[in-house]
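Peer 1: These are the residues of each chain, in order.
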Amino acid sequence: MITHITKENYKSVVVESKLPVLIDFWAPWCGPCQMMGPVFEEVAKEFNGKIVFAKLNTEDYPELTNGFGIQGIPCLILTKSGKEVGRAVGFLPKDLLKQKVQKLYETI
Amino acid sequence: MDYDVIIIGSGPAGLTAGIYSARADLKVLILEGEQPGGQLTTTTEVENFPGFPEGIMGPELMNRMRTQAQKFGAETKFELVTSVDFSKKPFEIKTSEEVYLGNSVIIATGSRARYLGLESESRLKGRGVSACATCDGFFFKGKEIVVVGGGDSAMEEANFLTKFASKVTIIHHSENFKASAIMLDRCKANPKIDFLMNKEIVEVLGENSVTGLKLKDSKTSEVEEFKTEGLFLAIGHIPNTGLFKDKLEMEKEYIVTNDTKTSVEGVFACGDVQDRKRYWQAITSAGSGCIASLEAQKYLSHGN
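Protein sequences appear in the order of chains A and B. Throughout the first sequence, residue numbering follows my numbering, covering 2 to 109 in sequence. Throughout the second sequence, residue numbering follows my numbering, covering 712 to 1015 in sequence.
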């Protein structure tokens, strides 16, 4: 299950989350982001109960996007209590995404 | 797992090979690789693909090709190949998840955007340095940015980026442009576009985001700083052939082919990865993907 982040639920979904949250910053006009979508969903299943997977539409919420200093998408940021732990820019195939998320997860 | 054809790559070449092979009732696996859908996923409107007089968005065109391949039964996976073994049959293709066996292999790994190769550039990727104008142009609303390159794609990106940026400077290392006259004229006529010629980028400046560039004059070698908030790369492409070095005959960075046949019988290559004549078009890649599939079918029926 992928949570969609909005201005209204940002605090409860990201900042107050007990689990770390991996945010997929995307936009409808971004081709590689469209490709990232199904991969993100597949990997989400493997981290069920460990990491919350969430998506944020950068076009709809520029102020949340700017808060993370994002200037390139797709961009995945792992957060703990709303703070950035690490990020990955650009499309990642499934296995690389899994490795990257696992590595970031271990640093928490 | 056994397949008749394993296709590595999912741009126009790979997916066309997939459509033809699956439609011929072969058992087909497409490993989508590091950029599913290929380079067209980072473009906007494709105006010259036959059959779409009104134009079609690059990502949309690629989604349709994938759907078409799947419709005929091709399996597609979001996996990246880590190694290949062409020394035994069936051929062995490894990803980090699985080992796949194929009676034939079609290589369609394409090419990737060329970067300048500077440490400062890779550090600031996604923080002002970008190789995808359509993805990232939005984040540079009202800002002054740079496009580096002298070909058609540099001109196209510069024009596209003026939708967002207040000013776009095209930086090119010489004063001769590879771009076609029509594209160059479009840029020259655009009041938001400036040209800066005979300059080489030697460093990207900035801590957490791009603040400027260090430029070296190609003639005088003089170094100066240039203020900018974004750097978009359009300096060409490099074929993705790293996996096949020492395994197939290569010329420079390209796989050598004869009607898509490589130096190993049963292994075919199509699209940019073998396009030594540098046509580099979606339609030529698709065409060679079709040839690769037909050659693979011929090989599978006679060659085994």
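Heads up, some of the hints might be wrong.
[Stated by the list, open to error] If the Cβ cut is set under 8 Å, some of the chain A residues that face chain B in the computed set are: (1) V14; (2) V16; (3) E17; (4) L20; (5) N58; (6) E60; (7) G70; (8) G73; (9) V86; (10) G87; (11) D96; (12) L97.
What the hints contain is simulated information worked out from the structure, not anything from laboratory work. Values in this document were obtained by computation on a predicted structure and should not be read as measured data. We put the beta carbon where it would ideally sit given N, CA and C, even for glycine.
Peer 1: Among all the numbered hints in the text so far, which are the ones the structure does not match?
Peer 2: 1, 2, 3, 4, 5, 9 and 10
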